[in-house]
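Chains as they are written, first to last, in full-length UniProt numbering: chain R, 1 to 332; chain U, 1 to 336.
In short, the hints are calculated from the structure, not lab data.
The beta-carbon is built from N, C-alpha and C at its ideal position, and this holds for glycine as well.
Fair warning: there could be bad hints in the mix.
Cut-off 30 angstroms, straight-line C-alpha distance, at most; resulting in silico cross-link-like pairs (DSBU-like, lysine-lysine) [what the hints assert, rightly or not]:
#1 Lys78(U) to Lys35(U)
#2 Lys18(R) to Lys111(R)
#3 Lys198(R) to Lys259(R)
#4 Lys259(R) to Lys78(U)
#5 Lys115(R) to Lys90(R)
#6 Lys12(U) to Lys111(R)
#7 Lys255(R) to Lys286(R)
#8 Lys329(R) to Lys286(R)
#9 Lys255(R) to Lys197(U)
To spell it out: a stretch of chain R is covered by chain U in this simulated footprint if at least three of its residues, at any positions, have a beta carbon under 8 angstroms from a beta carbon of chain U; those stretches are [stated by the list, open to error]:
#10 69-82
#11 89-99
#12 234-244
#13 312-325
Spelled out, the chains give:
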Amino acid sequence: MGTQAPGVRIGGLTVVYKTPAGELPAVRDISLTLEPGTITGIVGESGSGKSTLALSLLNAVQPPGRIAAGSVEIDGLGDVVGLAGEELRKARGRHIGYVFQAAQNSLNPLKTVGKQLLDLGRSHGVEDLRGLVREAQELLGRMGLDGARVLDSHQHELSGGMRQRVGIMLALVLNAHLVVLDEPTTALDMITQANILKIVREVHAERGLTTLVITHDIGVVAEVADRLAVMYGGRLVEQGPTREVLGAPQHPYTKGLIKAIPRLVGDIDEARALPGRPPTLATVPKQGCVFRERCALRMDVCDDVDPAPQVDQGERGPRTVACHAVTVKEHA
Amino acid sequence: MITGTGVVKTFKQRGKMLGAREVRALRGVDFAIPKGGAASFIGESGCGKTTLGRIIAGLETYDEGEIEIGGVPMSGLKHKQRQPHFRKIQMIHQDPYSALNPTRTVHQTLHAPLTLRAGQTGRSRAWIEERAAEVLSLVGLDPGTVLSRYPHQLSGGMRQRVVIARALTVDPEMLVADEAVSMIDVSLRLGILALLKDLRERLGVSVLFITHDVATARYIGADGELYVIYRGQVVERGAVDTIIADPVHPYTQSLLSAIPVLHGLEQPGEQPVMPLESLDESQSDAGCLFARRCPFRGERCAEERPLLRITEGAPQEHACFYPERRDVIARPMSEV
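Next up, chain U with everything else stripped away, as it sits in the complex (with noise of 0.2 angstroms):
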């Protein structure tokens, strides 16, 4: 189980002619995501999403709030301390083609890892070839062809999925895959998406997705939460399936309307909501952080915060004043 209560990030950029400017990347982030179980960040590009994935795989410090892995708090522990728990928790990132080192076989690659966990619980030369080869047959690919491969003999896929091999060797209880798709080939992202999904189903792994495409989303299963962020704040948290069936925040909407329809094969939603501008960062904070830019603001939305919270008639949890059921995704045409 790993849990975060009011997770506070500042990133302060210091400016000689214009004076420091701060940029408020979190702002008091609840999450929780049980053993095993899977959870999604949804946002636009500067949203807080990836700062909060490279906080919870430990690559991040944070300001304010805790995160608890396996109920342990970490903000008491030393650097050294920490280590062991932040192991845990492996780190997929977006690009395949740097995350690999060029000049280093597969072989090379996963034995370095194994190597130490063997040392730590003193197993043998054997158990680490063995490992290797199960790591990879874990992920889809064939030990004997791929073991003895420099990364730039691997297709995208094939490289995303030695990564998720080298992930493997540490026993992680959960991955994080940030944009794990984005760079891969369309017709081969499904098979890492499916991937992802079975081996939280076969091995029990924890998945945390972070990505802006909503549908990637759902390939953590139906019992995955996703949780919408926005400036650093989550406006709309549920179950994957219900939130995109029936969202009730603009914002969520905002994201859901602008996925590409399939003209041909599918029929847009009804009532699509556009953003009024374009997010910027160095807009005032008072309020509600995306009344600025949303269609439906009221009176309220200038002067005060909506928290995160469960009305009557919509069973997630979402931050706004007026929320509101809208149809903004596309179904397929068999079903109009």
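Chain R on its own, in the form it takes in the complex (with noise of 0.2 angstroms):
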């Protein structure tokens, strides 16, 4: 593989992570699938999982946390899950992209991004490092930036915004064609986060890649994403391609969510707040729905029952969504 978008399979992918009071999933039973060339966006807050489920991507999630069940299958891969040691780590950087949450403090302090960019070089075994270093400086400046400007430069001497392009470069220099970005634009400002996602769209159409994006920031997947999966208490809540689940979400939860966000046309006082507070890995209930606790449509059955995911083929795309009232509202 190497040179076409992979699809991605994941398949009831449980993570655990080990705390004093036993093991506790981080990610729960979780579906979802990459279809190649797409670009899936997925929304969350704090502790949602959604770091969680994208670092599974890689096979990285550290200790105490492990992956206690399920599959991810990656095109030309194979499951990503059963990999080991050198296999897998040869695997991430050439097939798998990742650009780290606050990517601009994810560089060495010490060496020019140019040293760093013949370190990954090296460590992937690249013979030709001249062509990685003329790669990389198209890619840079594709990205509008000065390319041997920016591989002479420390961290230090780039702005936040060049620093997440950078990240973007490293991901992609080794021809990877499945490219993670973790919050790719929390703490930049909105022109910089503007120009950042327009260059995601650009790069992930001009190189045919099959990119995820995870982000707190609905706004963010209403810009770039194809299709838009939701996660709360570490379990996907709602999915589906992401015009229809900002148009007409079903789930309370992405409902409040895009309610709560300020606007900048109409009554601000329609703009609500959800009540509670998003659950921990402690507080989030181990049977029944998750959202429950914050939920205005709250039924005895939810205190018990996790709500199965139901699917509807749409016609651009499938839609799922885990919730009683909504499964409830449909067969009535």
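Can you join these two chains into the complex? Each is in its own frame, and there are hints to help.
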């Protein structure tokens, strides 16, 4: 593989963290498909398990966490959960590019960007290092930066937006076709954010990638993603084509989240915060619906039974929602 | 009433190899925030909005101009004399995780400033306890459950409420909220914004918002003033809703165009404005500061600096030679 956008099939994935209270799931029984060549956005608040899910794509969940069940099938690589050691190390970078949360701070402050690029090349056995530098320069130029100058710079000489672009370059330079961006625009101002999102869209299309964007900001997903998945308390509560989910959200959490965004037009008092607070690893309910504590539509069944995802094959792709209230309404 | 006239601040960086470099953070800013009023400073990172907020809160000095608090000019006063004035202005920082001492319970956090306050006004110990419970209720927390907690036992939203409660212990006249919700979970942000609006209405505390997100600036209330700041200069100033609905400065238009559109729910504006390049503070200071990035620059812009003024056809002040309304903001589908 290496020239085509791979598809990714996550099946029944559960990731647990060891705590004094036993092993608690940060991600519980999640199934999600990334179609080749699409941008998928995962939205969730802190503690929703979105970053843990993203790390699972690299099989990079660190102890005390571990993947307890499920599989992550990536075209051309097989099940990543089964990979280990050298095989796994090679897959990262070559096949899967990862732009870390706060990429601004993930660079080595003591080395120039160019030196770090060469380190990356050597550790992946690249023979044509000159070619690698050329490729990096081209990528940086594509993103509106002076490639030569950036490669000669230390991280403190670059602005937040520039570091983010360096992060994207390092993720793509080994020609990975599956890219994960974890909070790509946090801590950037609006204009820089708009710039980075435009670059993500363009680079995605030009290089033929499969892209996963993880964020807490629904606006970011709305701008770039074809499909949107909403996570809450380690569960996937709703997913579908971005425009459909935003235009007609079904799960009460998705509805609440969209309502909680301050907008530029309309009555500001219509925007409303969700009551309560997001659960943590320790407070997330062990059975029943994870959202029920903050839900206006709570019923008795929500306390005991985990709502199963209901799939609806739409024209623009499947839509899934996991909520008893929604299911009841449909069958009534 | 807190006013500023011609406030200038220049940061000097000493470099051994490259020589000294000056960053002009503020280039003569005027502002006025009436008692019980509200204002919002918006702009990119590095535009000077945080510096101005810190100067207003007394955490930073200024080189030229004047700040007056309740009619008293600050520049002639000694540090000690200034302190009681600046105490009326309390800062709410961006990061509620580092703004609270992790080894102190909420009770201890509130106790210290209240003891000071009680000493000044000759009140009893009982008053301290009463007041601690009162400020917590004001910010929407239950004193019974929160007082004995440490910061790590609270969520981000609750911590920010404790920070606001601590600010209220000294009966401030103004709260300066510097990106106060950017590190808080999305579903809880609105609660904090609504709280600040509520405190303003109920207690008559003025609120100053410093943010890069224009939409949150609306929460200061419809009568609030918006200051759009670029490279240390106010480039547009007026009522919040006027500027959002009818911006005339290309920089304000760029800020508004950059706000993500909720596709499926909203329709983007028809004339979005994208700056030609990114912010570079080392650019020349000649002419209009925004000219190099401005897609609509004319001949005059390179030579002359436009000053903040009112022209025909727009109710707000702006600093642009060629002001023009453009349709930049996204609107709900139902309205289109």
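Here is what the structure says about each hint:
no.: 1; hint: Lys78(U) to Lys35(U); in the structure: holds (24 angstroms)
no.: 2; hint: Lys18(R) to Lys111(R); in the structure: violated (36 angstroms)
no.: 3; hint: Lys198(R) to Lys259(R); in the structure: holds (25 angstroms)
no.: 4; hint: Lys259(R) to Lys78(U); in the structure: violated (49 angstroms)
no.: 5; hint: Lys115(R) to Lys90(R); in the structure: holds (20 angstroms)
no.: 6; hint: Lys12(U) to Lys111(R); in the structure: holds (27 angstroms)
no.: 7; hint: Lys255(R) to Lys286(R); in the structure: holds (24 angstroms)
no.: 8; hint: Lys329(R) to Lys286(R); in the structure: holds (25 angstroms)
no.: 9; hint: Lys255(R) to Lys197(U); in the structure: holds (24 angstroms)
no.: 10; hint: 69-82; in the structure: violated (count 0)
no.: 11; hint: 89-99; in the structure: violated (count 0)
no.: 12; hint: 234-244; in the structure: holds (count 3)
no.: 13; hint: 312-325; in the structure: violated (count 0)
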